[in-house]
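Here the protein sequences come in this chain order: A and B.
Residues in the first sequence are numbered consecutively from 44, following the numbering used here.
Residues in the second sequence are numbered consecutively from -5, following the numbering used here.
The hints are simulated quantities; they were obtained by calculation from the structure and are not laboratory data.
It cannot be assumed that every hint is accurate.
[Claimed, not checked] Chain B regions said to be covered by chain A (calculated; three or more residues, Cβ under 8 Å): (1) 14 to 22; (2) 35 to 46.
[To be verified] Simulated pairs of lysine-lysine, BS3-like, Cα-Cα distance not exceeding 30 Å: (3) B:196 <-> B:46; (4) B:46 <-> A:114; (5) A:401 <-> B:46; (6) A:197 <-> A:114; (7) B:143 <-> A:114.
By construction, the Cβ of each residue, glycine as well, lies at the ideal position given by its N, Cα and C atoms.
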Amino acid sequence: MNIRSRRRPQLAFNQPGTSALDSQYLRRHKADHSLLILTALLMVIGLVVVYSISPGLAASQGISQNHFIVKQLIDVSLGVIAFIVATQLPIEKVFKLAKPLAAIAIIGSLVVMFTPINEAYPAHRWIRFGGFSFQVVELIKFALIIWLAGWLAKRYRAGKVNDFKATLRPLLLIVLAAGFVIAKLQSDFGSAAVVVMIIGLMAYAVGVPLRRIAIVAAVVIALAGLAIASTPYRRDRITTFLNPEANCQLSGYHACQALTAIGSGGVFGQGLGFGTASFGYVPEPSNDSIFAVIAEKFGFIGTTIILVIYGLYISRLKKIIARSTNWAYRLIVVGVLAWFSTQMIINIGAMVGLLPLKGITLPLISQGGTSLVFLTAALGLVFQISRYTSYNVKEPEPTGGSFETKNNNLGGRRLGRAYHTAVTARPRT
Amino acid sequence: MGSKPKKTKKLNFMPSANRRINIWYVALILILAVIIGRLFYLQIIRHDYYRKAAQADQLKEYSIAADRGLVKAHEGSQIVPLVLNQKLYTLYADPGYIKDIPATAATASAITAGDPADYEAAMRRLDTRYVVLAKRLSELQKNQIVEQKLPGIGIQAQTYRTYPQNNLAAQLLGFVNDEGKGSYGLEQFYNKELTGTPGLLKAVTDVRGVPLAASKDNIQVDPKAGSDVILTVDLGMQKQLENILKKGLETARSNSGSALIMEVNSGAIKAMANWPSYNPAEYYNVSNSDVFNNAAVSSPLEVGSSMKILTASAALDLGVIKPDTTFYDPGRWDLDGHTITNIEEVGGAATRSIAEVLNQSVNTGATWILMQMGGGDINKQAREHWYDYMTNHFQLGKATGIEQGYEANGYIPDPLSGDALKLTYANTAFGQAMAATPLQMAAALSSIVNGGIYYQPHLVEQVGSQVKQPNVVRTGVVSDAVSSQMRSLMEYVVANHHFARRFGDKYSVGGKTGTAQIANPAGGYYEDKFNGTYIGFVGGDRVQYVIVVRVNDPRIGGYAGAGAAQPIFGDLAHMLIDNFGVVPKK
Chain A
44 MNIRSRRRPQ LAFNQPGTSA LDSQYLRRHK ADHSLLILTA LLMVIGLVVV YSISPGLAAS
104 QGISQNHFIV KQLIDVSLGV IAFIVATQLP IEKVFKLAKP LAAIAIIGSL VVMFTPINEA
164 YPAHRWIRFG GFSFQVVELI KFALIIWLAG WLAKRYRAGK VNDFKATLRP LLLIVLAAGF
224 VIAKLQSDFG SAAVVVMIIG LMAYAVGVPL RRIAIVAAVV IALAGLAIAS TPYRRDRITT
284 FLNPEANCQL SGYHACQALT AIGSGGVFGQ GLGFGTASFG YVPEPSNDSI FAVIAEKFGF
344 IGTTIILVIY GLYISRLKKI IARSTNWAYR LIVVGVLAWF STQMIINIGA MVGLLPLKGI
404 TLPLISQGGT SLVFLTAALG LVFQISRYTS YNVKEPEPTG GSFETKNNNL GGRRLGRAYH
464 TAVTARPRT
Chain B
-5 MGSKPKKTKK LNFMPSANRR INIWYVALIL ILAVIIGRLF YLQIIRHDYY RKAAQADQLK
55 EYSIAADRGL VKAHEGSQIV PLVLNQKLYT LYADPGYIKD IPATAATASA ITAGDPADYE
115 AAMRRLDTRY VVLAKRLSEL QKNQIVEQKL PGIGIQAQTY RTYPQNNLAA QLLGFVNDEG
175 KGSYGLEQFY NKELTGTPGL LKAVTDVRGV PLAASKDNIQ VDPKAGSDVI LTVDLGMQKQ
235 LENILKKGLE TARSNSGSAL IMEVNSGAIK AMANWPSYNP AEYYNVSNSD VFNNAAVSSP
295 LEVGSSMKIL TASAALDLGV IKPDTTFYDP GRWDLDGHTI TNIEEVGGAA TRSIAEVLNQ
355 SVNTGATWIL MQMGGGDINK QAREHWYDYM TNHFQLGKAT GIEQGYEANG YIPDPLSGDA
415 LKLTYANTAF GQAMAATPLQ MAAALSSIVN GGIYYQPHLV EQVGSQVKQP NVVRTGVVSD
475 AVSSQMRSLM EYVVANHHFA RRFGDKYSVG GKTGTAQIAN PAGGYYEDKF NGTYIGFVGG
535 DRVQYVIVVR VNDPRIGGYA GAGAAQPIFG DLAHMLIDNF GVVPKK
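Make a model of the complete structure from these sequences and hints.
Okay, here's the thing in structure tokens:
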């Protein structure tokens, strides 16, 4: 019998996802700091690469030499702020924010339909004001994960995960609505795929039977096939994807240049200050194609290191998921992992010619403010959640917990003296 | 207390939920492994292929122009530049990068004094990424453009020739066209030497073709500047010759003509000019490209009676006549169904001396001299002798190899085949039915009066560090004795012709006029169109200079040779005596 756990402040049971099990084992401990290291590593790689290609890129577009690095510094700073804010927000309050956020996302989706279209990107994706632009779909992903986590956790506790009316029908409607809004109205097929994957994997994680998921997947694939067949430029992208080198000058240009840049890197790469891909050859070198630029500069060793970092990131997130006993928390991390890994795979897969090209950023490395800010905010939530994982004796619980303040008082109760003592100093009686 | 933690029960929550997470995790790791495998294939196995593809796409070769060699010439005892280089700037636009076309066009055209409408039209072109807006901008204009920082507008430096002496010797020099290639004259002949060796830049470029500094594939070979060329020409003499020629042509009411002065004992050209000429700095404003030609070198003509000097020299050298030979001249020869007669002033049949044949320019006399080469007839032997002298001794009918573009060969008829050979050859004895350039005549005359040495005519005495020595093409063109006899005969001609100013006893001046009918392109000759020529020499105890003058179709009375060309020769001879230190007789 663990006496200490009895003395722990109890979590409020009216909150989503909490259970008797949670109250017994959840205890605030040191967060998973490797998340900080890995996030910082990816961001620094992005900054260094953008810094090195910024002057040439700017010159080829006839703009200020520091344009791109300054923008990236602003974006990364905003990302860091978003991360810190998300770690400090009381997580139960975040769940209450889910509905307002979703409402804003829906309003944003409507607003974006009436914004002027940029000639370079003929799609309703951005809301622009001043020098900034805001990509609505990133907010949709963020809001969707939080709301869905809370909602699915409730369904889970109610034992209605496999209930068609209560859970599956709404889920299917959400998939179709999100798909329609993002793929059809915003013409953003890549983001639609990410959102569908987020929903699908959250449903998978919460335990929706595989047979049902397979049926929905079949419907989604059929609709996607229809969408591809009905839009000429998407058909083009598919044929280009199947044989990029047949048409290197026109539709296959981006794919060919990406492959050329990656292949030119060799084992060790051409070096940070070298490489030519960013001098107008590969489109969007600081953004969608940054992986190809990295591959050219740092070679196979560099790309492998990046993939290993992503692999470590995935394994940390997986560990947090596996140890989260609170279903709402757990599903947030599931959603973030789905978001993070799907974007990474779609982006890199397209660059190496395994997937068709999509306008999807490389998580934490690519330039792209909105995507970075919302992803880091979500990762900030994950960081916070990593404080509430459960461990058995064989794996000692991470020590620390020096961040505890009144604001972090999860149960809202007055805390006893013992709680303020450092975890390591507490007697393990 | 509490030294040993109490053992807690092992937790095993949600085994089935975590199995799903584990499956997902394994799938993700597998996908990462597949991507790494793919990267291994692309970056290591296919590396060479993609590297080559990248280089084929991105590595471009540029030629770096070497500084073109300068052209210098004598001015008295000094050597002064005649052609220099100057950096000017070409303004171009890359239409795709221009943001505000009307504003850019207005700004750029205000600086270059161009037409904004033209600039706008050029900037709106979609089919090109390089449109030249203006050429030959000055350094100041370039700086003004650069200050404006107009997107899509670029400046390229280009080297142009500049001429401190303006139009002087333009046709000798030729010009350098916009592609940097020498055209006409010296620039064409020595294009390779003047150009130097261009450098090579093999550079990786950005997508617009701008070379990137940071690439390991870049190769740079520095250019080697072209050689400077020093002319034999004396600029003072050249200036005066150009003035005298122009004035003489005006007086003779002729539209065009040539004159040249050659050093007898080296073949060096000291001055050579044609009228009309042009401004080489603005060669692109010339409408009639004929003026680019150095006519004295590139335009052969039937020289007329000046040729009699060569005919007499050949006969004297063959020994078939003597300087004091007299003979009965019937005043007409019937050859191949045509009649050769003389001009009215000469009159009909008479006993004539060789000196009078030259002085009065007696065509039938020249024909008789030619006949002597065959023992009294223009037979095969006469023709072969005369042909040998014309082509092998006097080097007619082939280019001299002077350092000029587009040199002409001239024309000497074949002695063995052709129609009316006797008539044709009789004509060549007094300078018709053949053609030679003024330069060829100058070189041939030099070899007659200098004791029989044919020097290759040349305009250049030094290329880079290589000093060119006079090149003897043939010795014994005529014997020393014949050379001296010919000088006397030619002095006799000058002494018996009218000159505005005589030359005095201290100087040896000899010459011969020539008046040739101009061939009608439709066949035959014009009845009323003549070219006037004059060949002569100036010296003291030794002959120093040979002068050749050509006046095309003068529109004044009298014979073209005596009326139009002879006064120009007289002025040139006086110029040499007065200003250029002809050594008088002791």
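Item to complete: With a C-beta cutoff of 8 Å, work out whether three or more residues of the region 14 to 22 of chain B approach chain A closely enough for the coverage to hold.
Response: Check passed, 6 qualifying residues.
Worksheet item: Taking 30 Å as the top limit, are the C-alpha atoms of residue 196 of chain B and residue 46 of chain B close enough?
Response: This hinted pair holds, its Cα atoms lying about 15 Å apart.
Discussion item. Need the status of pair residue 197 of chain A, residue 114 of chain A: alpha-carbon distance at most 30 Å?
Written reply: This hinted pair is violated, its Cα atoms lying about 41 Å apart.
Practice prompt. Sort out whether residue 114 of chain A lies within 30 Å of residue 143 of chain B, counting only the CA atoms.
Written response: 23 Å, holds
Discussion item. Just to be careful, I want the Cα atoms of residue 401 of chain A and residue 46 of chain B compared with a cutoff of 30 Å; is the pair within it?
Written reply: 27 Å, holds
Fill in: Satisfaction of hint between residue 114 of chain A and residue 46 of chain B, Cα-Cα up to 30 Å
Roughly 34 Å between the alpha carbons, so the hint for residue 46 of chain B and residue 114 of chain A is violated.
Fill in: Proximity test - 8 Å, beta-carbon atoms, the region 35 to 46 of chain B to chain A, at least three hits
holds (count 8)
Checked against the numbered hints listed earlier, the structure breaks hints 4, 6; every other hint is satisfied.
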